[in-house]
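Please work from the sequences and hints to get the whole structure.
Number of protein chains: 4
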Amino acid sequence: MAREIPTEAQVLSWYTALSNWGRWGPDDELGTLNLITPGKRRQAAGLVREGVVVSCARTIAYDPTPDGPVAPQHFMLRSGEGEATETLGRTNARDAFLIAPHGQTITHLDAPSHTFVRADASAPWTMYNGRPRDLVRTMDGATAGSIELVGEGIVSRGVLLDVARLRGVSWLETGDPVFPEDLDAAEAAQGVRVEPGDILFVRTGFPKHRAEQGPRPPAEGVASLQAACLPWLRERDVALLGSDTSNDVSPTEYPSLGINGAIHGVGMGAIGLWLLDNPTFESLAAACAERGRWEFLATIAPLKLEHGTGSPVNPLAML
Amino acid sequence: MAREIPTEAQVLSWYTALSNWGRWGPDDELGTLNLITPGKRRQAAGLVREGVVVSCARTIAYDPTPDGPVAPQHFMLRSGEGEATETLGRTNARDAFLIAPHGQTITHLDAPSHTFVRADASAPWTMYNGRPRDLVRTMDGATAGSIELVGEGIVSRGVLLDVARLRGVSWLETGDPVFPEDLDAAEAAQGVRVEPGDILFVRTGFPKHRAEQGPRPPAEGVASLQAACLPWLRERDVALLGSDTSNDVSPTEYPSLGINGAIHGVGMGAIGLWLLDNPTFESLAAACAERGRWEFLATIAPLKLEHGTGSPVNPLAML
Amino acid sequence: MAREIPTEAQVLSWYTALSNWGRWGPDDELGTLNLITPGKRRQAAGLVREGVVVSCARTIAYDPTPDGPVAPQHFMLRSGEGEATETLGRTNARDAFLIAPHGQTITHLDAPSHTFVRADASAPWTMYNGRPRDLVRTMDGATAGSIELVGEGIVSRGVLLDVARLRGVSWLETGDPVFPEDLDAAEAAQGVRVEPGDILFVRTGFPKHRAEQGPRPPAEGVASLQAACLPWLRERDVALLGSDTSNDVSPTEYPSLGINGAIHGVGMGAIGLWLLDNPTFESLAAACAERGRWEFLATIAPLKLEHGTGSPVNPLAML
Amino acid sequence: MAREIPTEAQVLSWYTALSNWGRWGPDDELGTLNLITPGKRRQAAGLVREGVVVSCARTIAYDPTPDGPVAPQHFMLRSGEGEATETLGRTNARDAFLIAPHGQTITHLDAPSHTFVRADASAPWTMYNGRPRDLVRTMDGATAGSIELVGEGIVSRGVLLDVARLRGVSWLETGDPVFPEDLDAAEAAQGVRVEPGDILFVRTGFPKHRAEQGPRPPAEGVASLQAACLPWLRERDVALLGSDTSNDVSPTEYPSLGINGAIHGVGMGAIGLWLLDNPTFESLAAACAERGRWEFLATIAPLKLEHGTGSPVNPLAML
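So the sequence lines, in the order shown, correspond to chains F, C, H and P.
Going by our numbering, the residue at position 313 of the first sequence is 313; the numbering climbs one at a time, nothing skipped.
Count along the second sequence starting at 1, add 1000, and that's the number in our numbering.
Count along the third sequence starting at 1, add 2000, and that's the number in our numbering.
Count along the fourth sequence starting at 1, add 3000, and that's the number in our numbering.
It is possible that part of the hints are untrue.
Unchecked claim - Examples of chain H residues lying across from chain C (beta carbon under 8 Å, computed): (1) Phe2075; (2) Glu2081; (3) Ala2096; (4) Thr2138.
Claimed, not checked - If you want the ones that stay clear, here's a sample from chain F, every Cβ over 10 Å from chain H, calculated: (5) Gly22; (6) Lys40; (7) Gly46; (8) Ala71; (9) Asp176; (10) Gln190; (11) Ser283.
In short, the hints are calculated from the structure, not lab data.
Beta carbons are placed, not taken as given, at the ideal position from N, Cα and C, and that holds for glycine.
Here you go:
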């Protein structure tokens, strides 16, 4: 399915052409989340018909994988083995977790401080809306653009565009990513339209691939949203994008534009778009298909991790 | 305000008298969450009027405190300082967190595997509904009663009973805890009634005390729900209880009943009641008081931490 | 090189036949380290001729490997990038490490609390000299048999028996382990004799294999000391054994005797022998061969890790 | 005991006047460790008379203290509680540790990458001998000046100067630090002389204070080596300095010279002097006093922590 792949120059031009810098004032850090109004949330709550809740998070497991260097760790601080210190009433167990949210196995929300961009090699690296990169420091963490920005939670109308279903496959193969034509076609096929302030979920089916065939080496890559989707996302004023991969195509077609340079770069850096990485939509897709309804109340509740560049999350869809 | 404090024998008797063991079958692990039906969730979604969202989570900060031995840690894996490896497009920052969810500064949900009970020193320690304590193992974690049980999220009608407001104080002092009479009086004063399947939030104002006067040494204790509230919670069929402390009075009036032996012991172990520890209701209380309305759509989305005994959460209330 | 492989029954019988329980009193925890006397240490210091020091530790690196589930982690708490807070004089960088000493890439010393044994399925599991297994607790760590036992350091005469050199190979292949005949032959070839209280290093060359061919999956195994060496080790009254693998043959010939059931089980549990796992002798072997001298002053300085079951170490040989 | 406290300008001038930059070539990273020759090590081995070994490390415990933000953590990965998976032979326990070596409770060796200096606000910050500060990066750690430099271990003649004994006190009080006159007087009283290439231990008795009176808040400070000792250390060509504090006086007399700006700054940065922080000499002082002999074989064996800025160590003295 060969669609038109934008050139590197085109992608670079979008840093300016699609920019939302200044749109919500010079000090804004919320970017596209400004599009979620109380009215939008009321509308979203009105989408709940059956009272069914579906999680879009993957399980956080502890096996070392080729997915990334800091695998999650689980430490029991007290277990249920052996004699309890107490004799009657209650005793307990407890644990600790080491989690690097941006790991490729973890469903997480990126904070603005996760992404720095520049379209000109002589310009400084900055976050969305021009905040300097060096506000994110080793000692202090993200002193700007922290995940705390969304500590009050993100709630809006959610829409699932199921591209794997559209194409009649279990999952998109590497090298065969999502183009804006797919988004349009999925809208048409599903009878739904993405509107300003929506939380957009795009299903490639990758988690199913991973579950059936094991984690694949990073070099093998994943299909995801091709950079060509960027103008579409900007035009539709999507508030938050979550694809069931890391959102960007891998390996990238734009190696000189840095790590995940297209969707993460132009999306987070220029558009101020919030990204949900590594969710899973296998259950949600089934729930939606069963009802022939692809819109729902979506809630994402990041942890208030002080000075954090992201948070593991469990996004919920309520139908 | 001296109310009647139950004797230790009374509290012990409640392990049987208030038990929900078997109520939802011999294999049930969900306990009081069985009371949240799709209809209940539909009703909850209908409570959203203004589309306002309020978080009930505290910030996860990294200062060592007297609150507990494993303080949260924040490690930057890559920061925004120094030269970026990339030259154009995008570069990034990322981090890792060490979190012990049951720490006394962290808003978290307890899994059934966190609590083992027995009312008879010759009986085995078990979780709610009789699962053996030794299913929670140092090597494997919680092989039963894991927080994964609620991986699909918890959504229901939420009710805030603001006891600090009822008493006209900023916070309840240690030694002056919440009694069932307070719950009744708060209902009457607020014009609201706690119903089966509700998520009940009880405000003592402790986070305000902590913010203004700093963390107090554990020995100083906190006011919270006195054990006398247990029959009330069982009778009302509350699905989930969250008080803005660790739910149990500290120091305990029942030292021989183990750690947090009353609300945690009888509540989690016998009633199968889910507990949210260490939330904050300062913002929510203001939002409710302003509207004269103390019911809302409540969502709690625990991380799917494999074999975990709990999860940090960011509970959201939607009004 | 087919040597006689002891039967499982023979290995089991050695739990009694080779036992040192009680030899240094009923409360002894030091086991074979009792054989290192001040006179022995004086003798060892006398072996220093050139004043050359050689390390026998491997580098602790942070790449995830198939060697084990908890890979070491390195976190920079403050780096040298970006602007320093200070303007003149001095600024600094600092870091933190997560280390699981018993990982298969880490040169470490096992504490008695690392190994529990029983030769009879009806007997309790105990450490060397009968200390109960449940003294090593999840909450408290090793309340007996801790690595703190050797907090004062281990210094003695060291002897290297270079079995790879003896056989004229770069490394021993899996399935071709070290037998007591090899130890005798190496002594004869090298003109050295292992004496009571010695620190014995046995070279298989495995680190060279690992360096050249990458970490091999655990299933592929390593050659090491076959169980048949146990009577030899006991007879010679070796104080501490370090082979440049995990000391035990993998995969084990005695699957029903537990993890590393032979050298670790009979050695640590019955003999009270201290084991150094995963050192490297590539440099030391070259230094010894060059001089035609295989004895030296050996020092091992475990960290005083409170209640620890082992410690990463950097063993030094001084020639 | 008011001695002459150097002015800030004097301390700054020592960055040049006492510098060893270039002394061992433009690429040297070993600094004063170049002074330890094989002959020096042979001499050191000759100091062993009784074959007695004394550790100079403090215990690494896990209590949160006011000493620093990252307290050591101990996680049991498998304990000795509950049923063993194995039935016969051997089972085991194991653990993991989180350690920030530069913590004020941990006996550790500083690597050159721990310290960056400049005596002129327009100059770049560099390590000893001019290596740029930005070689120590958040992602990669210390790509120069790593603790791996001393992976082969440090062995030399050790000398203890017991200033607390000299003054007849259990410990030096804050505000009453060590001056070069004390070092001279201790030499005279003890009948020993510090020579080039020596490992110099200076006892203030602080660990005794800490053991008896608990950890003191950082603001209370510690006595240690006053900056005035710097010319003495340079003149004597000390190879490694360890005082039983963090080596620098706290609170500093030179607040504008950065963290630990005198001994750490001029010492590590200009002289290339290696520093051992937070050892304890309580046992060693007793052993030396008993024998009337204050020289010994000293060994320090840092872990080969890849790209590390320091390592916890257990320094051993052999008499």
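message: Let's test the interface hint: is any C-beta of chain C closer than 8 Å to that of Phe2075 of chain H?
response: Result: holds, 4 Å to nearest chain C Cβ.
message: The output says Gln190 of chain F does not contact chain H. Does that hold with a beta carbon cutoff of 10 Å?
response: holds, 40 Å
task: Grab the minimum beta-carbon distance between Gly22 of chain F and chain H and tell me whether it stays above 10 Å.
output: holds, 27 Å
query: Would the hint on Thr2138 of chain H stand, with a C-beta cut-off of 8 Å toward chain C?
result: holds, 5 Å
task: Beyond 10 Å from every chain H Cβ: check whether that's true for Ser283 of chain F.
output: Non-interface label on Ser283 of chain F holds, nearest chain H Cβ at 28 Å vs cutoff 10 Å.
query: For Gly46 of chain F, which was marked as not at the interface, is the minimum beta-carbon distance to chain H over 10 Å?
result: The claim stands: Gly46 of chain F keeps its Cβ more than 10 Å from every Cβ of chain H (closest is about 46 Å).
Exclusion check [Ala71 of chain F not at the chain H interface, CB over 10 Å]: Violated, since 6 Å does not exceed 10 Å.
- request: Using 8 Å as the Cβ threshold, decide whether Glu2081 of chain H counts as touching chain C.
  value: At 3 Å from the nearest chain C Cβ, Glu2081 of chain H passes the 8 Å test, so the hint holds.
task: Have a go at the Ala2096 of chain H hint: is there a Cβ in chain C nearer than 8 Å to its own Cβ?
output: Check passed: Cβ of Ala2096 of chain H comes within 7 Å of chain C, closer than 8 Å.
field: Distance rule for Asp176 of chain F, whose beta carbon must clear each one in chain H by more than 10 Å
entry: holds, 29 Å
query: Taking the closest pair, is the beta carbon of Lys40 of chain F still more than 10 Å from chain H?
result: About 39 Å separates Lys40 of chain F from the closest Cβ of chain H, which puts it past 10 Å; holds.
Hint compliance for this structure: hint 8 is the single one not met.
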